[in-house]
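Input sequences plus hints: build the corresponding full structure.
Going by UniProt numbering, the first residue of the sequence shown is number 1, and it counts up by one from there.
Derived from the structure by calculation, the hints contain no laboratory data. Predicted model, so just to flag it, every value in this text is computed and none were measured. We put the beta carbon where it would ideally sit given N, CA and C, even for glycine. Some hints here could point you the wrong way.
Stated by the list, open to error - Capping the alpha-carbon separation at 20 Å, the derived lysine-lysine pairs in PhoX-like fashion look like this:
(1) 51 x 75
(2) 70 x 30
(3) 75 x 30
(4) 79 x 23
(5) 51 x 30
(6) 53 x 23
(7) 58 x 75
(8) 66 x 53
(9) 51 x 70
(10) 51 x 66
(11) 53 x 79
(12) 58 x 79
(13) 30 x 7
(14) 14 x 51
(15) 70 x 58
What the hints assert, rightly or not - Beta-carbon label-pair distances, calculated as ranges:
(16) 74 x 1: 44 to 50 Å
(17) 59 x 10: 34 to 40 Å
(18) 65 x 12: 42 to 48 Å
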Amino acid sequence: MTEPEFKQYLEELKNEIITAITKQISKPEKQLLTIREAAEYLGVSYNTFQKFKCEGLKVFEIDGTKRIYKHELDKFIEKNSY
1 MTEPEFKQYL EELKNEIITA ITKQISKPEK QLLTIREAAE YLGVSYNTFQ KFKCEGLKVF
61 EIDGTKRIYK HELDKFIEKN SY
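Here you go:
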């Protein structure tokens with residue numbers, strides 16, 4: 001690969017990276033999670049997450065599917081941290 005070709009390759013790569021980052025930044029972050037997504041967000045197992053529900057974590061149901069707001073997870077962890 002010649003130097004001009006390499007410079008062209010780097011320029012194209014830079015543009016692809018900028019485009020990918022811009023798309024990621026502009027995507028709104030998902031705020032409403034399923035139980036499995038919430039457990040993954042917290043880095044715990046499904047069973048551990050069920051224990052959190054027994055400890056007062058607020059969960060609600062929409063059309064038979066349990067959901068939780070991400071900010072409720074953050075508040076629960078903050079409240080139960082020491």
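Practice task
Could you check the hint for me, namely that residue 74 and residue 1 are 44 to 50 Å apart, CB to CB?
Solution key: With Cβ atoms ~48 Å apart, the hint holds.
Handout entry: Hinted pair residue 51 and residue 70, Cα distance within 20 Å
Key = Status holds; Cα separation ~17 Å.
Problem - Proposed proximity, residue 66 with residue 51 (alpha carbon, max 20 Å) - result: 15 Å, holds
Handout entry: Given hint residue 23 paired with residue 79 - CA-CA distance at most 20 Å
Key = Status violated; Cα separation ~34 Å.
Problem - Restraint status (C-alpha distance of residue 14 to residue 51 at most 20 Å) - result: Answer violated: residue 14 to residue 51 is near 46 Å, above 20 Å.
Exercise for the section: Take the C-alpha atoms of residue 75 and residue 30, compute the straight-line distance between them, and say whether it is at most 20 Å. Expected result: Roughly 17 Å separates the two Cα atoms, so the pair holds.
Exercise for the section: For the pair we were handed, residue 70 and residue 58, check the Cα-Cα distance against 20 Å. Expected result: Answer holds: residue 70 to residue 58 is near 11 Å, not above 20 Å.
Handout entry: Proposed proximity, residue 30 with residue 51 (alpha carbon, max 20 Å)
Key = With a Cα-Cα distance of about 24 Å, the restraint between residue 51 and residue 30 is violated, given a limit of 20 Å.
Exercise for the section: Given the hint that residue 30 pairs with residue 7, test it: the Cα-Cα distance must not exceed 20 Å. Expected result: 38 Å, violated
Problem - residue 70 paired with residue 30 [C-alpha distance capped at 20 Å] - result: Measuring from Cα to Cα gives roughly 8 Å; hence the hint holds.
Problem - 20 Å Cα cutoff - pair residue 66, residue 53 - result: Holds: residue 66 and residue 53 sit about 11 Å apart, inside 20 Å.
Problem - Restraint status (C-alpha distance of residue 53 to residue 79 at most 20 Å) - result: 14 Å, holds
Figure legend: structure checked against the earlier numbered hints; hints not met, in rising order: 4, 5, 6, 13, 14, 17.
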